[in-house]
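Number of protein chains: 2
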Amino acid sequence: MVPPVMTVNPIVPQVDPADHHLVEVREDGHEILRGQFLHAFRDTVRLPNARTATREYFVHPGAVMVIPLLTTPDGRTQLVMERQYRYPVGQVMLEFPAGKIDPGEDTWLCAQRELREETGYTATEWARAGVTHPVIAYSTESIEIWFARGLTAGARALDNEEFLDVITLTPADLMQRCMQGLVTDAKTLAGMLWLQNTQGPTATWPLVWQSVGVD
Amino acid sequence: MVPPVMTVNPIVPQVDPADHHLVEVREDGHEILRGQFLHAFRDTVRLPNARTATREYFVHPGAVMVIPLLTTPDGRTQLVMERQYRYPVGQVMLEFPAGKIDPGEDTWLCAQRELREETGYTATEWARAGVTHPVIAYSTESIEIWFARGLTAGARALDNEEFLDVITLTPADLMQRCMQGLVTDAKTLAGMLWLQNTQGPTATWPLVWQSVGVD
Chain P
1 MVPPVMTVNP IVPQVDPADH HLVEVREDGH EILRGQFLHA FRDTVRLPNA
51 RTATREYFVH PGAVMVIPLL TTPDGRTQLV MERQYRYPVG QVMLEFPAGK
101 IDPGEDTWLC AQRELREETG YTATEWARAG VTHPVIAYST ESIEIWFARG
151 LTAGARALDN EEFLDVITLT PADLMQRCMQ GLVTDAKTLA GMLWLQNTQG
201 PTATWPLVWQ SVGVD
Chain C
1001 MVPPVMTVNP IVPQVDPADH HLVEVREDGH EILRGQFLHA FRDTVRLPNA
1051 RTATREYFVH PGAVMVIPLL TTPDGRTQLV MERQYRYPVG QVMLEFPAGK
1101 IDPGEDTWLC AQRELREETG YTATEWARAG VTHPVIAYST ESIEIWFARG
1151 LTAGARALDN EEFLDVITLT PADLMQRCMQ GLVTDAKTLA GMLWLQNTQG
1201 PTATWPLVWQ SVGVD
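Sequences listed follow chains P and C, in order.
Under the working numbering, the first residue of the first sequence carries the number 1, and numbering increases by one thereafter.
Under the working numbering, the first residue of the second sequence carries the number 1001, and numbering increases by one thereafter.
Treat the hints with care, as some may be off.
[What the hints assert, rightly or not] If you want the footprint, here are the derived chain P segments under chain C, 3+ residues with CB under 8 Å: (1) 51-59; (2) 110-124; (3) 127-136; (4) 140-149.
Derived by calculation from the structure, the hints in this document are not laboratory data.
Here a beta-carbon is modelled for each residue, glycine too, at the ideal position from N, C-alpha and C.
Build the full structure now, drawing on both the sequences and the hints.
And the structure:
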């Protein structure tokens, strides 16, 4: 086991002055785990009532998720999804493609890379929908949500340790599975909220599309 | 720092035989962190190609989230929400009430307890919507999503270390904030998918309501 290192974590509070009755301020802290993947800290914070408390959390590099809109030859939309065994929950999960951001990597380029590596698809148009924080109680992780369209199939480039099936589903199929409790991944459910409100007859949320490869 | 303990984690795979080309099987493992809150393991798993890999993850007791539907005197619906500073993301987050399940606690009773403690509200009718897994890559956590209605205001009973504002919003207000990127908590966005499809004019997903206190 790697010994703890006195590393300072990078949290920078973004707080409205009107919310000072809620804010916790870091007083001290140190790394409590440097695993191969997990990296955790324990900080002492000053509470709004001036007492102190302990906060333990993982530091995560951030991730992107892609909602790939595939147009079939007859003009209908299908979603490119992954089925992947997720060890911590012991289940094969139905998910939108996603992956961690490499150090210094632009999130849009990360989205393009993850879609290509995991599903083989490339996309000509992209729209950044928003952000979700999957686990605000104990991780710094944020996930940028991107839509992709103008898809072309190609070869996958999975990591040695990655095993996943790529499938396509209609939005109606996927909504049905959400209702039935067959889709439980939080980032994917957050993506479904974006899908339902940006695509199809009930859409009212705008997306701003950007083209790639038109330098 | 607490030394690592050779504790076996409780993951029980739930897998369809047709998915054996995806499944990772535990070969060995041990605890790598026993913090005050965070409890992490590192397991060696056998991959579908018979190689081995390392999986690090946090063991979580599970949680519940409540979507509280408050009927105003003029018959409209409002949502009871919380604004709470979340240290790992450095922001005040707008969330549905939620909390961890106590050891052995029934999830419905947990939902009732968390709603009462954090917001002061009690509810006469409850419906279990489904489950979400917030962080399938590195935590066992699952969150049961419950709807509550027939609300009565009362006194809160916050922990010493808990500071949060309780506010009410219309569903339309909250949807607007989701569109604007002002709601990013994944469990809350998953709850919004359930809200949008079970309440109001566009609802098509069924809920089964149960009454409390009618022994």
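Hints versus structure:
| no. | hint | result |
| --- | --- | --- |
| 1 | 51-59 | holds (count 7) |
| 2 | 110-124 | violated (count 0) |
| 3 | 127-136 | holds (count 7) |
| 4 | 140-149 | holds (count 4) |
When the structure is compared with the earlier hints, a violation turns up for hint 2 alone.
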